[in-house]
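Trainee: Those protein sequences? They're chains A and B, same order as listed. Residues 0 to 97 in numbering that gives the first Met the number 0 are what the first sequence lists, from first letter to last. Residues 0 to 628 in numbering that gives the first Met the number 0 are what the second sequence lists, from first letter to last.
Be aware that one or more of the hints could be misleading.
Here are some, though not all, of the chain A residues that point toward chain B, as calculated from beta-carbon distances under 8 angstroms [said to hold, decoys possible]:
| no. | residue |
| --- | --- |
| 1 | L40 |
| 2 | E42 |
| 3 | G44 |
| 4 | T52 |
| 5 | G59 |
| 6 | D68 |
| 7 | L74 |
| 8 | V87 |
Below, a list of computed lysine to any residue pairs in the SDA-like style, where the Cα atoms sit at most 25 angstroms apart [to be verified]:
| no. | chain 1 | residue 1 | chain 2 | residue 2 |
| --- | --- | --- | --- | --- |
| 9 | B | K441 | A | R38 |
| 10 | A | K83 | B | L449 |
| 11 | B | K206 | A | N35 |
| 12 | B | K441 | A | N35 |
| 13 | B | K206 | A | D28 |
| 14 | B | K441 | A | D28 |
| 15 | B | K50 | B | T100 |
| 16 | B | K206 | A | R38 |
| 17 | B | K370 | A | E77 |
| 18 | B | K370 | A | L32 |
Under 7 angstroms between C-beta atoms, here's a sample of chain B residues computed to sit facing chain A [what the hints assert, rightly or not]:
| no. | residue |
| --- | --- |
| 19 | N120 |
| 20 | G122 |
| 21 | P222 |
| 22 | V224 |
| 23 | I332 |
| 24 | K441 |
| 25 | S442 |
FYI, nobody ran anything at the bench for these hints, they're computed from the structure. In this text, a Cβ means the ideal position worked out from N, Cα and C, and glycines have one as well.
Below are the chains, spelled out letter by letter.
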Amino acid sequence: MQLSGNNAQPKRAFSTLVDLRRGDAATLDHIDLPGNDARRLMELGFLPGARITAGHSAPGGDPRVFQVDGSEIALRRETARRLKVRLVKTRQTSVGVP
Amino acid sequence: MSECGTCHGCSAAPVVEFPGPLASPKIVALAGPPNSGKTTLFNRLTGLRQKVANFPGVTVEQHTGIAELPDGRGVGIIDLPGIYSLSPQSEDEQVAHDVLTGERPDTPRPEAILLVLDSTNLGRHLMLAAPILALGVPTLIILNMADDLRNRGGHVDTRQLSAQLGAPVALVSARQGEGIDEVFEFLASAMPAPAPMELPVLHDVPKCREWAGRVGSRASYRPPVPPKWTRRLDSVFLHPVAGPLVFAVVVVAVFQTIFYAAVPLMDGLRWLFDVSGKWVASTLPDSIFRSLLVEGVWSGVGSVLVFLPQVLFLFLFIGILEDSGYLARAALIADRTMARVGLQGKSFIPLLSAYACAVPAILSTRTIENKRDRFATILIAPFMTCSARLPVYTLIIAAFLPNRPVLGPFLGVRAAALLGLYVLGFLAAVLTARVLKSSILKSGHTPFLLEMPSYRWPTLRSIGLRLFDRAWVFLRRAGTVILLVTVVLWVMAHLPTVNGKAPAIADSLAGTVGRTIEPVIKPLGFNWKIGIGLITSLAARETIIGTLGAIYGMDPESHQQGLQKALQHDLTPGGAVALLVFFAFAMQCISTIAVVRRETGGWKWPILQFTYMGVLAYAGAFVAAHLIR
């Protein structure tokens, strides 16, 4: 993944945590939630720049557990959708990563 | 908000009570994030010398206890609710903040703070040290779960960390008792204030996290490898197929135990009260006093104590599920289903246990951190068909329905009717939850967060303490109220005396009340006899059977047939269905009301709930009585 310049890819749409399958990892860009809710998520480790890995989920994929900053936090789809991320790796493209 | 006119505890300033005399006036607060093992440490420090109450005016549970120092002095310990930061966002955090800053008029400002952090997740947990140290109160930083840290190859230099934070640091395993001496040493010492250090801007979470990371790395903190067993167990417990299967097994096991396994014990207790009551009766001369003691007090207390096995079994299960870490997984699996009615995964187990008895179910809603979800769960729990409704249902169904098969040999008319009543209660609960969660208990858009703790072996000590604690709450709160009510009901059934003897129940105060309310219940197809039964069943639902037996002058146990005949004579089929519907909806249970009052911190919610369920019961019975003739 390349760092894009300011004008190279304007208005590039972010992925959200919902797009992550189990084992996928992503870097958090920003949280699209009101101040207090975003703050609570940040206190749990969902900080901009943090690496988030998708883990197990309830049957049907909602809610899903995410590994972040040494903890495992389950989020509902409605919340996960508000966490905008950049994909770091997907299960298919990365080989031999634990 | 602290003006004198509005506060609640002005007359007696600090109302926080400790479970015994404090030899020294030292009071220390225990603070820390959720899942840091704070409660385990509290139990380790105080043992049985603890007390549970609510902080006045709020529904935040307040645990106080006394830690006995090696020299025999006692130190008062206040266990604060788990917090992520000191910027108050929830009621829990507000209380913790106010206690620590000395802003609660009812709680003395703690002289020192024991800050409990999870040493296996220090990077994030250290963030809380910043606002706590900024208070300038003497603080001991306790790095808990030292055994986990060591076993999984983690490391931290406590001396360096102490130098970085300007406060003493102890590496502790509250579960194993390791390092507890250091905590006692701190409590016995002069407890120095923290040295002023450079702290981050407290409201800036990224800055705080950066600071925590820096402090951690200067103390050579090496996080442990992820817990192997947690990964392994999760790949089973959260497996798309195996996960729900395990969940179903756990649910059935809980249900079976509280519903069936507890029955022999309950029967045993009932028998014990019966025999001891008869023995007491035989040793006393026949008098109004004997009758009050045996029929009022004895049977009143007995009718509550009988539920103790269910309470203990349920809390044994919940203790194991919660301490082992499985409860969070169960909540995850149940979440989608519960979300459909506006609730969340953690409401599932309490609602399930409400099928046995609403009282322990409501006590177990403590595991739901979100206050609105907790209240909604409490408010709908009594709709679940509890075991006290069962004898009433069985009697009326048996009196009015023939035992014919409807679906071949598998389902008879009577069983179908019983099943229908379970469904009715369930539907009422679901609809009520929807209404509540879209109106007065709307959660807004607060995100649902569920932290998945690592799996751990539950310890006997922790579960034992919890059983003791919950059993005590149950006995004291439910016991005192139901005792009072049974005595009142006894008085109503035994006054006015005729020639120094109790009157026939029809002529008693209860009979008079029954006749007075007859016009109100007539549209439902009930006469004054049923009316008396409705009044006495306020104590506990199944009481109506005994009352009707007394009115018709027969022992319900030996004259089941006779009682059925009498009911057929007094009730139309429509009236019988109305009575069933009434029992399905009405909140005829003083113990539940008492527990709801305790758990919601006032009379507002139980009154609302009683009224709502009463109106629904009346309306439902009215419709039933007019539809079926």
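Trainee: Hint by hint, which ones does the structure fall short of?
Mentor: 4, 8, 14, 22, 24, 25
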